[in-house]
Amino acid sequence: MSLESLYQELILDHSKRPHGFGLAEADDHTGTSYQRNPICGDEVTLRVRVSEDGQTIRDVTWEGQGCSISQASASMLVDLIDGVPREKAAELIDGFREALRSRGTIELDEDVYEDAAALSGVSKFSARVKCAMLAWVALEEGLAQTS
Amino acid sequence: MTPLDLAAIRADFPLLAQEVNGHPLAYLDSAATSQKPQQVIDAEVEFLTHTNAAVHRGAHTLAAESTDAFEDAREAVAAFVGAGEGELVWTSGATAGINLVAYAIGNATLGRGGEAARRFALRPDDEIVVTESEHHANLIPWQELAARTGARLRHIPVLDDGRLDMDAAAELIGDRTRIVAFPHVSNVLGIINPIDDLMALARSADAITVMDACQSVPHLSIGLPATGVDFAVFSGHKMLGPYGIGGLYGKRELLNALPPFLTGGSMITTVTLDEAQYLPSPQRFEAGTQPVSQAVGLAAAARYLQELGMDAVHAHEVELERRMRDGLREIPGIRLLGDTDAAPRVGLAAFAVDGVHAHDVGQFLDSRGVAVRVGHHCAQPLHRRFGLTASVRASASVYTTPDEVDRFLDATGGVRAFFGAS
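In order, the protein sequence lines correspond to chains S and P. Taking the numbering used here, the leading residue of the first sequence gets 1, the next gets one more, and so forth. Taking the numbering used here, the leading residue of the second sequence gets 1001, the next gets one more, and so forth.
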């Protein structure tokens, strides 16, 4: 597994110019989660806003600091999840987690995961899986706060 | 002093002769855990193959041989750090050793240990002094002890160049100070702290001293009694020995006055259904089954280091540290932590790379076969003090070669270009 396949250009681009960076105001339709990787100190605070009926994700914003994998992953998640129905978001998170924990046996489908599919390679670096998962776990927890 | 014969030493460490990611391994993470020479591995295998039995009980031949091996191991490790009889307690590691002392002091505060232990008892407003450079293992047990007893926790700040602020220490340590806990060598900065000065301050305040010697015992010639400290801890796996074993050194008189922390089998004289009498140190602090084969392995490690000669070990590692630090200074965008020539050091260097997270640096170096530690190295307050959440640390041991350091420097020089840091 080469370093270049882990740090694809797409990942480095997202980490340098992250999407959705800067937390939006909280309101009745938002959920916020802070996640930290105690091993390296990476942190992500993510805020998700849902539609009035609670069934659709309206936008995701975040702040944080950490390695390029954790920052790129949060940025890619923002692009992917905007406007997605709640149920579909849960499926995406589950599928992402399964692939990341698969030690390289499951590739993320680019048609489904868009830019985030580039994170498939992370699953072969077990020490980095948590970095990539950080924002996704934050989304899961943030969504659970909304109804 | 005979300089180290690196080729001969490396032949003793089978693990080092492997490739990682298509490159020969350059293992520069010995401050986290050292590799083990064949002599240590063999000592454990030999013990488990031929001698193993329960120690300090049983009348059969193997039980006696096992007990002898266990106590001979204690004697060898005690000799290595200069400890006398009854002054070396086995623990599962340095963390366990510090917790033992902290909890035992807590027990004394509750009145356990009777008259003899009263000198350890803390009162509200008593002060425990630590340093800002502490490994979490020499910080959190004191936070907890303070919380349990009402004592106040204070800290000696670290200066910009990484040295302890000894002027502040002189202000801090005073009448209220009951415990002074400090690292002999910072596991992040590699600076050897001025322990004679710290000891003088602690002595004038009549405070108990607890020294984290994890990063000094494997790298320096050190006689713990000569330092004057009351208690000191070190871990086996950082000094070429096995996991799951470490040492707590304590002045004999203090250990025998200290109430126990863990209680149970093997640490008692008489037990009734209502109460128990305790053995003197070290057995008093060794409740339950002990890590016997690990003790035997650790003794082999101590003998290995002793044969190399600790002055030669230190000279070798300091030379590598200079090579690391000089080389890192040449690389643009590198910020060394504790980059000072005003203090003696051991063989490690920690740094941050401008524009690249430590984790990414570590991954890049790993792809070149270079193993370093990344993260906060269990010293979050120290990293916060330098405005960082994480750093990269390269550390040397007896088997580290100048060539490995050069490969590390070469790879580090390529980090910022790879990640497009500007």
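Keep in mind that the hints are not guaranteed to be accurate.
As the list claims (entries may be wrong) - Mimicking SDA-like on lysine to any residue, the simulated pairs with C-alpha atoms at most 20 angstroms apart in a straight line are: (1) S:K130 to S:G83; (2) S:K130 to S:E43; (3) S:K130 to P:R1416; (4) S:K16 to P:R1416; (5) P:K1251 to P:A1200; (6) S:K16 to P:N1021; (7) S:K124 to P:G1355; (8) S:K16 to P:K1251; (9) S:K124 to P:R1368; (10) S:K124 to P:A1200; (11) S:K124 to P:V1020; (12) S:K124 to S:R101; (13) S:K88 to S:K124; (14) S:K88 to S:Q65; (15) S:K124 to P:E1019; (16) S:K124 to P:S1367; (17) S:K124 to P:H1023; (18) S:K130 to S:E87; (19) S:K16 to P:S1422; (20) S:K124 to P:N1021; (21) S:K16 to P:V1356; (22) S:K88 to S:R103; (23) S:K130 to P:C1378; (24) S:K88 to S:E43; (25) S:K16 to P:G1333; (26) S:K16 to P:T1389; (27) S:K16 to P:F1419; (28) S:K124 to P:G1369; (29) S:K16 to P:A1417; (30) S:K16 to P:G1414; (31) S:K16 to P:R1368; (32) S:K16 to P:A1200; (33) S:K16 to P:A1421.
Claimed, not checked - Derived, one-sided and incomplete: chain S residues facing chain P with beta-carbon distance under 10 angstroms: (34) K16; (35) H19; (36) G22.
Note that these hints are calculated values from the structure, not bench results. A quick note: this is a predicted structure, and the numbers were derived from the prediction, not measured. We put the CB at the ideal spot given by N, CA and C, even for glycine.
### Query
Does A1200 (chain P) lie within 20 angstroms of K16 (chain S) when you go C-alpha to C-alpha?
violated (51 angstroms)
### Task
Mind checking the alpha carbons of K124 (chain S) and V1020 (chain P) for me, to see if they're no more than 20 angstroms apart?
holds (15 angstroms)
### Task
Measure nothing beyond the straight line between the CA atoms of K130 (chain S) and R1416 (chain P); if it is 20 angstroms or shorter, mark the hint as holding.
The given pair, whose Cα atoms are some 24 angstroms apart, is violated under the 20 angstroms limit.
### Task
Decide if the proposed pair is consistent with the structure: K16 (chain S) and N1021 (chain P), CA atoms, cutoff 20 angstroms inclusive.
Cα-Cα ~27 angstroms, so violated.
### Message
Between the alpha carbons of K1251 (chain P) and A1200 (chain P), is the straight-line distance 20 angstroms or under?
### Response
holds (17 angstroms)
### Message
Please verify whether K124 (chain S) and R101 (chain S) have alpha carbons no more than 20 angstroms apart.
### Response
holds (9 angstroms)
#### Entry: Straight-line alpha-carbon gap K88 (chain S) to E43 (chain S), limit 20 angstroms
violated (25 angstroms)
#### Entry: Satisfaction of hint between T1389 (chain P) and K16 (chain S), Cα-Cα up to 20 angstroms
Distance ~18 angstroms between K16 (chain S) and T1389 (chain P) Cα, so the pair holds.
### Query
Within a Cα-Cα threshold of 20 angstroms, do K16 (chain S) and G1414 (chain P) meet the stated pairing?
Judged against 20 angstroms, a Cα distance of about 18 angstroms means the pair holds.
### Query
Does the structure keep K16 (chain S) and G1333 (chain P) at a Cα separation of 20 angstroms or less?
Within the cut-off at roughly 17 angstroms; holds.
### Query
Regarding the pair K130 (chain S) and G83 (chain S), is the alpha-carbon distance no greater than 20 angstroms?
Not satisfied, since the Cα-Cα distance of roughly 26 angstroms exceeds 20 angstroms.
### Query
Is the Cα-Cα distance between K16 (chain S) and R1368 (chain P) 20 angstroms or less?
With a Cα-Cα distance of about 24 angstroms, the restraint between K16 (chain S) and R1368 (chain P) is violated, given a limit of 20 angstroms.
Against the hints set out earlier in the document, violations occur for numbers 1, 3, 6, 7, 8, 10, 13, 14, 18, 22, 24, 31, 32, 35, 36.
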